[in-house]
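Chains as they are written, first to last, in the numbering used here: chain Z, 1 to 393; chain D, 1 to 393; chain B, 1 to 332; chain X, 1 to 332.
What the hints contain is simulated information worked out from the structure, not anything from laboratory work. Backbone N, C-alpha and C fix where the C-beta goes; we use that ideal spot for every residue, glycine too. Treat each hint with caution, since some may be false.
[Said to hold, decoys possible] Keeping only pairs whose Cα atoms sit at most 20 Å apart, straight-line, the calculated SDA-like set for lysine to any residue is:
hint: 1; chain 1: X; residue 1: LYS253; chain 2: D; residue 2: LEU375
hint: 2; chain 1: B; residue 1: LYS53; chain 2: D; residue 2: LYS131
hint: 3; chain 1: B; residue 1: LYS53; chain 2: D; residue 2: ILE228
hint: 4; chain 1: Z; residue 1: LYS324; chain 2: Z; residue 2: LYS131
hint: 5; chain 1: X; residue 1: LYS222; chain 2: X; residue 2: ALA170
hint: 6; chain 1: B; residue 1: LYS53; chain 2: D; residue 2: THR299
hint: 7; chain 1: B; residue 1: LYS253; chain 2: Z; residue 2: ALA377
hint: 8; chain 1: Z; residue 1: LYS353; chain 2: Z; residue 2: ALA341
hint: 9; chain 1: B; residue 1: LYS253; chain 2: Z; residue 2: GLU374
hint: 10; chain 1: B; residue 1: LYS30; chain 2: Z; residue 2: GLN173
hint: 11; chain 1: X; residue 1: LYS10; chain 2: X; residue 2: LYS23
hint: 12; chain 1: D; residue 1: LYS131; chain 2: B; residue 2: GLY131
hint: 13; chain 1: X; residue 1: LYS10; chain 2: X; residue 2: ASP58
hint: 14; chain 1: X; residue 1: LYS222; chain 2: X; residue 2: GLU234
hint: 15; chain 1: D; residue 1: LYS353; chain 2: B; residue 2: LYS30
hint: 16; chain 1: X; residue 1: LYS53; chain 2: Z; residue 2: ALA377
hint: 17; chain 1: Z; residue 1: LYS131; chain 2: X; residue 2: ARG310
hint: 18; chain 1: B; residue 1: LYS253; chain 2: Z; residue 2: ALA376
hint: 19; chain 1: Z; residue 1: LYS324; chain 2: Z; residue 2: LEU312
hint: 20; chain 1: B; residue 1: LYS53; chain 2: D; residue 2: ASP297
hint: 21; chain 1: X; residue 1: LYS222; chain 2: X; residue 2: ASP320
hint: 22; chain 1: B; residue 1: LYS30; chain 2: Z; residue 2: LEU29
hint: 23; chain 1: X; residue 1: LYS30; chain 2: D; residue 2: ALA369
hint: 24; chain 1: B; residue 1: LYS53; chain 2: D; residue 2: ARG300
hint: 25; chain 1: X; residue 1: LYS30; chain 2: D; residue 2: GLY84
hint: 26; chain 1: Z; residue 1: LYS324; chain 2: Z; residue 2: ARG147
hint: 27; chain 1: B; residue 1: LYS30; chain 2: Z; residue 2: ASP175
hint: 28; chain 1: X; residue 1: LYS188; chain 2: X; residue 2: VAL159
hint: 29; chain 1: X; residue 1: LYS30; chain 2: D; residue 2: GLY176
[What the hints assert, rightly or not] To list a few chain D residues with every Cβ distance to chain X over 12 Å, as calculated:
hint: 30; residue: ARG39
hint: 31; residue: ASP182
hint: 32; residue: ILE232
hint: 33; residue: GLU330
The primary structure of each chain is shown beneath.
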Amino acid sequence: MTQPGFGPDLAEVFGPARQTSAETGALGLVQLLTPEGERVEHPEFSFGDDLADAELAETVRGFFRDMTLTRRIDVEATALQRHGELGIWAQLLGQEAAQVGAGRALRPQDYVFPTYREHGVAWCKGVDPLKLLGLFRGVDQGGWDPRENNFGLYTIVIGAQTLHATGYAMGMQRDGVVGTGDPDRDSAVIAHFGDGASSQGDVNESFIFAASYNAPVVFFCQNNQWAISEPIERQTRIPLYQRALGFGFPGVRVDGNDVLATYAVTRAALQRARDGQGPTFVEAYTYRMGAHTTTDDPTRYRLSDDVERWKLKDPIARVEVYLKRNGLAEQSFFDDVSAEADDLGHRLREGCKALPDPQPLSMFDHVFAEETDELAAQRDGYAAYLESFEGAH
Amino acid sequence: MTQPGFGPDLAEVFGPARQTSAETGALGLVQLLTPEGERVEHPEFSFGDDLADAELAETVRGFFRDMTLTRRIDVEATALQRHGELGIWAQLLGQEAAQVGAGRALRPQDYVFPTYREHGVAWCKGVDPLKLLGLFRGVDQGGWDPRENNFGLYTIVIGAQTLHATGYAMGMQRDGVVGTGDPDRDSAVIAHFGDGASSQGDVNESFIFAASYNAPVVFFCQNNQWAISEPIERQTRIPLYQRALGFGFPGVRVDGNDVLATYAVTRAALQRARDGQGPTFVEAYTYRMGAHTTTDDPTRYRLSDDVERWKLKDPIARVEVYLKRNGLAEQSFFDDVSAEADDLGHRLREGCKALPDPQPLSMFDHVFAEETDELAAQRDGYAAYLESFEGAH
Amino acid sequence: MTTDSRPNQKVTLAKALNMGLRKAMEDDSKVLLMGEDIGTLGGVFRITDGLQKDFGEDRVIDSPLAESGIVGTAIGMALRGYRPVVEIQFDGFVYPAYDQIVCQVAKMCYRSQGRTPLPMVIRIPFGGGIGAVEHHSESPEAQFAHTPGLKVVACSNPVDGYWMIQQAIAAPDPVIFFEPKRQYHADKADLDESATPDPLFTSRVVRQGSDVTVLSYGPTVKTALKAAEAASNEGRSLEVVDLRTLSPLDLGKVYDSVRKTGRVVVTHEAHVNLGLGAELAARITEECFYSLEAPVLRVGGFDTPYPPSRIEEDYLPDLDRVLDAVDRTLDF
Amino acid sequence: MTTDSRPNQKVTLAKALNMGLRKAMEDDSKVLLMGEDIGTLGGVFRITDGLQKDFGEDRVIDSPLAESGIVGTAIGMALRGYRPVVEIQFDGFVYPAYDQIVCQVAKMCYRSQGRTPLPMVIRIPFGGGIGAVEHHSESPEAQFAHTPGLKVVACSNPVDGYWMIQQAIAAPDPVIFFEPKRQYHADKADLDESATPDPLFTSRVVRQGSDVTVLSYGPTVKTALKAAEAASNEGRSLEVVDLRTLSPLDLGKVYDSVRKTGRVVVTHEAHVNLGLGAELAARITEECFYSLEAPVLRVGGFDTPYPPSRIEEDYLPDLDRVLDAVDRTLDF
Ligand SMILES: Cc1ncc(C[n+]2csc(CCOP(=O)(O)OP(=O)(O)O)c2C)c(N)n1
Ligand SMILES: Cc1ncc(C[n+]2csc(CCOP(=O)(O)OP(=O)(O)O)c2C)c(N)n1
Ligand SMILES: [Mg+2]
Ligand SMILES: [Mg+2]
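Using the sequences and the hints given, assemble the complete structure.
So this is what it looks like as structure tokens:
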């Protein structure tokens with residue numbers, strides 16, 4: 001059962017029953033907005049049918065704003081790393097549509113398990129971007145409260161979070177917040193991971209658990225074509241979304257540079273989950289335009305031509321063209337957004353530099369919820385040791 | 001490219017390109033000999049087309065003999081455990097056809113990575129069954145030399161061996177013994193595992209590595225419907241052989257109680273591997289007629305009706321009927337086999353009881369190929385300690 | 001269930017753990033059990049016997065055969081507010097979950113600066129002596145105790161089993177809970193469910209003595225007590241400590257004992273090299289340097305893989321090897 | 001490649017390891033490298049730089065992103081007669097492969113009664129101090145040293161790096177090879193490729209001294225030497241040992257040193273609790289009981305998860321903390 005306006009039942013559309021690589025070859029990539037900014041239709045997925053024109057325009061403008069600000073966060077953070085204010089930064093350049101499309105498809109009660117690159121999803125979930133910087137600056141290991149925005153901490157061990165997501169979704173099932181039909185109650189989890197992560201045992205085990213318990217989780221894979229220096233071909237020899245076929249739930253490949261399509265597909269997948277129809281695999285087909293992280297040097301392993309080709313598929317440019325060509329946004333709107341971006345950039349620059357270094361002794365805090373005498377003694381010992389120096393001056 | 005007589009190219013038959021659950025539903029289980037002992041044809045797989053009548057009869061008699069002796073090994077070992085001669089035994093009752101069909105499809109140059117239940121494959125590979133007992137008696141952890149019969153040691157950690165198999169197959173690729181067209185040279189690996197094992201990360205990672213490197217390995221899964229007390233439904237909600245679709249190589253479900261079909265399918269899969277066409281997943285659909293091991297009590301978790309229904313599908317009975325009905329074997333043949341089985345049983349009973357306990361100090365042997373002084377000192381210390389008691393008497 | 005709460009019944013460790021789990025599930029509806037074969041079968045050791053029948057499949061969860069998956073999904077459930085109790089079928093099968101335990105379970109509270117603590121229990125039947133095949137007789141406790149963020153305990157008897165499992169489940173931090181599988185169905189003990197248990201993270205002197213302090217936990221407590229009995233017949237008085245908590249260690253009583261005896265023997269089934277005995281020796285020597293008449297001696301599993309079961313009793317520390325160490329420390 | 005074999009060139013640890021790997025691959029065609037990003041990229045630390053170009057994709061294998069898969073397939077290759085050298089990208093990412101290492105790599109020789117030994121090397125860049133995020137600064141050596149069947153070594157300088165990696169690859173047993181990543185591109189050293197190296201499983205006294213013995217390995221050797229330098233200015237003579245081999249331990253020279261100094265400080269980045277220091281303290285105390293003037297003191301990482309990098313230098317043992325321990329042992 002699917003609610004009106006939430007798109008098709010993906011199981012019928014892309015489930016094992018119907019899907020073959022032949023067919024998907026036919027269906028191809030789900031796309032609703034071409035790189036040139038043309039709206040196109042898809043037999044199974046639509047955007048905006050459930051919206052009045054004004055709403056539609058507002059929604060797309062919202063996407064544009066989210067993507068633009070997300071990109072600015074990324075650009076600023078990259079610059080901050082260059083200036084030594086961050087130890088490292090994982091850039092999302094090129095993946096704005098995949099992340100905003102997914103992020104905007106979420107409801108407040110949905111829960112996100114991110115990788116280390118989900119800055120755009122964090123933005124959509126209302127996490128203060130400044131809080132994202134702490135981890136990369138080295139002042140903390142995750143500065144936000146996961147409970148505040150239902151946005152989990154970044155996970156660095158590749159794939160580990162997909163099992164947490166599945167377990168969290170199993171918890172939702174036990175809380176009776178799945179398939180009740182109440183849109184404000186029914187909940188789902190989204191698990192983010194990359195193309196490389198798809199090779200980890202944990203990720204495949206999460207597919208098995210999610211399928212076995214029919215857990216309300218969407219496996220959202222950003223296939224940005226690279227795992228550091230390794231191309232997607234090293235991880236799989238068939239389109240990645242087809243992995244789901246082996247586990248008995250639907251997989252869909254969507255144009256990850258098309259925010260409308262990503263939004264539509266993710267929304268339908270999340271609704272399946274909330275409705276109690278179980279897991280879906282969404283492969284957002286995109287490209288990592290930047291380096292893996294600021295410490296990486298992609299010129300060692302990939303050709304600039306690829307990057308150039310993907311530049312033409314920029315996720316933000318196509319929305320701008322679409323908005324302008326169809327008169328869905330005034331120039332003032334674009335000016336406001338770039339002004340807002342400048343403010344955000346300024347706030348991040350200043351805020352980052354102002355992030356306080358942790359106190360040495362804070363190293364001993366929160367190892368446990370209930371501290372042990374052993375550890376307290378170690379802290380006191382080190383405190384005394386540190387004082388011995390102050391005494392010395 | 002496939003050589004004549006080795007059946008179809010499974011990729012064309014069951015590969016992702018063609019296979020959908022709908023279709024496989026149509027194709028169903030590959031079966032060449034019904035439980036009633038009737039030969040049936042299969043559109044894709046055949047048995048005996050490349051054999052003269054006499055050879056065919058001899059081959060089927062050979063299967064009967066192998067299965068009968070394998071069952072006897074199992075029955076004797078089970079009895080030995082009851083009499084306290086073995087600490088535990090993993091019974092294969094009901095899985096004789098799956099194991100003999102696979103085992104007989106192997107060439108001498110092929111290598112086997114077994115679980116702890118592959119007694120029938122060991123038999124086909126020429127491993128002395130007596131050597132299998134040592135591990136279960138607790139006198140060793142694998143009494144045979146893997147290099148002698150290309151039959152690896154039993155692996156108890158579920159699924160771990162599937163990665164070893166894949167790596168071994170990658171070694172074969174580097175040795176240039178794949179796809180040369182020389183039948184005595186081209187080699188493949190078979191990795192055995194169970195339905196429960198299919199949930200382990202390692203097993204899924206082995207699919208990924210095998211697909212990525214197109215390794216000459218056959219993943220032979222005996223779906224005996226149970227992982228100790230857990231039914232197959234806990235592990236997967238679609239037919240298990242379809243798991244392969246998610247990784248981009250063919251999967252086939254064969255009647256694992258039909259030795260002819262298992263032989264035909266495994267032979268074709270192995271040939272694909274030897275020819276350099278990469279991995280295949282073979283699901284041998286069978287049933288664990290006995291307990292998980294001699295320490296298990298299946299009455300706690302499954303109904304005897306199931307077992308009764310599967311009794312009617314006995315792998316040996318159907319071959320006996322077939323041989324007799326078609327006059328492919330004299331009564332003397334059956335008498336000889338049962339006499340041979342009695343001798344084997346006797347040899348196992350006597351041989352097992354005669355298996356010497358290891359010397360306490362042998363505990364320190366073979367921890368390393370190059371022993372460390374540290375360990376030598378520990379051994380000497382313990383030796384001196386033991387002597388101190390002898391002194392005491 | 002009423003029969004379960006009859007005061008002072010004699011129960012095995014297996015039964016006591018089963019009762020403790022049942023009690024914890026009755027007391028807190030957020031408590032869930034996850035593992036392989038823990039449902040209909042009640043676990044290969046029957047520790048969860050009858051619990052799925054009484055609490056349903058949503059709270060006693062038979063999982064797919066994947067330990068990393070079990071622990072990883074348990075983490076997610078804990079983040080959602082549940083209190084998962086994971087059963088690892090045998091000690092040797094915890095390693096596929098090692099990454100999730102060491103990198104996620106142990107670090108979640110720290111990573112989140114206390115915002116998302118992870119109250120969960122991972123039960124591991126451990127130790128040898130049951131005549132099993134490879135991987136079924138391991139003692140991996142040192143590896144977990146070396147990992148900050150985990151609390152590690154081992155019970156040695158039915159009464160402790162009953163209380164400690166409940167305390168571990170109630171604890172706000174992740175607890176690796178070791179159960180001496182050899183003891184599961186061995187001795188019975190009087191269980192008084194109305195008694196007040198010692199706090200979870202405390203060690204206990206289980207036999208008073210004056211000549212040598214013997215430190216033990218889990219399966220070796222019984223060995224140590226037997227050794228003490230035998231020694232007393234030879235006029236030697238051993239003080240036996242059941243450590244109970246392996247991380248954190250609770251060594252106050254141990255130091256008192258050592259200051260009294262001046263001699264220490266530590267015994268565990270784990271390999272001696274970098275086993276708990278190493279840490280105990282280091283700390284005791286640092287704390288009681290001038291009280292020690294002899295170095296701390298360690299009696300443990302040898303530094304070989306666990307051997308074939310027919311010679312496992314040679315591998316395992318036993319009464320004689322403990323007494324031998326006692327002699328050596330006294331003769332030092 | 002000729003430039004690589006110029007005698008007495010000054011090389012970093014990274015370069016020395018690269019040269020050592022190249023030499024091993026030239027000497028034995030069965031040597032293969034496997035890991036993530038070790039091909040075109042040459043590894044995130046460039047240790048395998050240029051090797052895929054020169055030896056081909058069959059011998060320098062970029063693997064799918066799965067550590068258990070890497071080690072598991074390497075086992076299969078070793079069984080087929082190859083000598084795989086696995087690169088784990090960072091210490092914190094070895095755990096997904098922990099099961100394959102502990103249950104398979106470590107036990108294959110024993111299980112097969114020596115019939116199928118497993119010569120393979122698992123390279124692990126370890127330790128902190130590089131300002132990295134979580135999981136990139138771990139020191140997991142104790143967990144491997146606790147596992148019988150594994151040999152564990154740690155290099156501390158370019159010259160040892162060059163020789164030890166070749167010796168590890170030539171060894172007939174599995175070797176866990178720890179590389180102090182903080183040193184990769186730090187100091188250069190003179191490398192004479194025609195020299196004769198010390199045997200792999202031996203420790204080395206790297207500075208003579210008479211007052212206190214300081215034991216170190218990997219990244220802390222440099223710290224210990226700095227401490228010794230500083231101490232000498234205060235008229236204190238420290239003898240510094242680079243253990244080099246962590247399992248087996250080679251303690252002959254250490255015992256000699258302790259009998260001379262009577263005082264020992266052990267330093268490593270790993271958590272103190274159940275770190276190598278614990279085993280060293282236990283063995284040294286047992287072996288040199290009457291020579292010890294003070295208990296063995298341990299200076300290591302605290303028993304917390306590795307902290308955010310902005311305070312990692314407080315977590316890591318440094319010159320001052322080593323000297324503080326030296327003072328404490330002398331004042332004892
Ligand atoms: C278990 C583990 N192994 C290795 C790494 C090192 N590493 C960090 S990111 C990365 C590549 C991840 O690629 P992908 O999953 O495609 O995500 P992307 O970075 O492209 O977003 C690797 C190998 C890690 N973090 N965790
Ligand atoms: C990693 C691991 N976890 C748990 C076990 C305990 N165990 C032994 S056999 C088994 C069930 C295996 O089922 P399946 O893979 O279907 O093989 P079968 O026994 O049916 O042949 C389990 C859980 C194990 N040996 N290894
Ligand atoms: Mg990627
Ligand atoms: Mg099974």
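So, going through the hints one by one against the coordinates:
1. Of the supplied pair hints, the one linking LYS253 (chain X) and LEU375 (chain D) holds, its CA atoms being roughly 18 Å apart against a limit of 20 Å.
2. About 42 Å separates the Cα atoms of LYS53 (chain B) and LYS131 (chain D), which puts this hinted pair outside 20 Å; it is violated.
3. Note on LYS53 (chain B) and ILE228 (chain D): the hinted pairing holds, with a Cα-Cα distance of about 18 Å set against a maximum of 20 Å.
4. Distance check on the hinted pair: LYS324 (chain Z) and LYS131 (chain Z) sit about 34 Å apart at the alpha-carbon level, beyond 20 Å; violated.
5. For a cut-off of 20 Å, the pair hint linking LYS222 (chain X) to ALA170 (chain X) is broken: about 27 Å separates their Cα positions.
6. Taking the CA atoms of LYS53 (chain B) and THR299 (chain D), the gap is about 16 Å. The hint holds against a cut of 20 Å.
7. Taken as a hint, the LYS253 (chain B) and ALA377 (chain Z) pair is honoured in the structure, with Cα atoms around 17 Å apart against an allowance of 20 Å.
8. Only pairs whose Cα atoms come within 20 Å are accepted, and LYS353 (chain Z) paired with ALA341 (chain Z) is accepted, the gap being roughly 18 Å.
9. A distance of roughly 14 Å separates the Cα atoms of LYS253 (chain B) and GLU374 (chain Z); the hinted pair therefore holds under the 20 Å criterion.
10. Between the alpha carbons of LYS30 (chain B) and GLN173 (chain Z) the distance comes to roughly 13 Å, so the proposed pair stays at or under 20 Å and holds.
11. This hinted pair checks out: LYS10 (chain X) and LYS23 (chain X) have alpha carbons roughly 17 Å apart, not beyond 20 Å.
12. Among the hinted pairs, LYS131 (chain D) with GLY131 (chain B) is consistent with the structure: their alpha-carbon atoms are about 19 Å apart, no more than 20 Å.
13. Restraint check for LYS10 (chain X) and ASP58 (chain X): not satisfied, since their Cα atoms lie roughly 31 Å apart, outside the 20 Å limit.
14. A hinted pair counts as satisfied when its Cα atoms are at most 20 Å apart, and LYS222 (chain X) with GLU234 (chain X) qualifies at roughly 19 Å.
15. A distance of roughly 52 Å separates the Cα atoms of LYS353 (chain D) and LYS30 (chain B); the hinted pair therefore is violated under the 20 Å criterion.
16. This hinted pair does not check out: LYS53 (chain X) and ALA377 (chain Z) have alpha carbons roughly 54 Å apart, beyond 20 Å.
17. Distance check on the hinted pair: LYS131 (chain Z) and ARG310 (chain X) sit about 16 Å apart at the alpha-carbon level, within 20 Å; holds.
18. Proposed proximity of LYS253 (chain B) and ALA376 (chain Z) is supported: the alpha carbons are some 19 Å apart, at most 20 Å.
19. The straight-line distance between the Cα atoms of LYS324 (chain Z) and LEU312 (chain Z) is roughly 18 Å, inside the 20 Å bound, and the hint therefore holds.
20. Distance hint between LYS53 (chain B) and ASP297 (chain D) is fulfilled; the C-alpha atoms sit about 18 Å from each other, no more than 20 Å.
21. Taken as a hint, the LYS222 (chain X) and ASP320 (chain X) pair is honoured in the structure, with Cα atoms around 13 Å apart against an allowance of 20 Å.
22. Between the alpha carbons of LYS30 (chain B) and LEU29 (chain Z) the distance comes to roughly 43 Å, so the proposed pair goes past 20 Å and is violated.
23. Between the alpha carbons of LYS30 (chain X) and ALA369 (chain D) the distance comes to roughly 18 Å, so the proposed pair stays at or under 20 Å and holds.
24. Restraint check: the Cα-Cα separation between LYS53 (chain B) and ARG300 (chain D) comes to about 12 Å, which is no more than 20 Å; the hinted pair holds.
25. A hinted pair counts as satisfied when its Cα atoms are at most 20 Å apart, and LYS30 (chain X) with GLY84 (chain D) does not qualify at roughly 46 Å.
26. With a C-alpha separation of about 39 Å, the suggested pairing of LYS324 (chain Z) with ARG147 (chain Z) is violated against the 20 Å cut-off.
27. For the suggested pair LYS30 (chain B) and ASP175 (chain Z), the alpha carbons sit about 10 Å apart, so the restraint of at most 20 Å is met.
28. With a CA separation close to 9 Å, the supplied pair LYS188 (chain X) and VAL159 (chain X) stays within the 20 Å bound.
29. Proposed proximity of LYS30 (chain X) and GLY176 (chain D) is supported: the alpha carbons are some 13 Å apart, at most 20 Å.
30. The claim that ARG39 (chain D) lies off the interface holds: its Cβ sits roughly 38 Å from the closest Cβ of chain X, which is beyond the 12 Å cut-off.
31. Separation of ASP182 (chain D) from chain X is adequate, the least Cβ-Cβ distance of about 19 Å exceeding the 12 Å criterion.
32. With a least CB separation of 24 Å from chain X, ILE232 (chain D) remains clear of the 12 Å interface cut-off, as annotated.
33. In this structure GLU330 (chain D) is separated from chain X by more than 12 Å, as the shortest Cβ-Cβ distance comes to about 42 Å.
The structure shown violates the earlier hints numbered 2, 4, 5, 13, 15, 16, 22, 25, 26.
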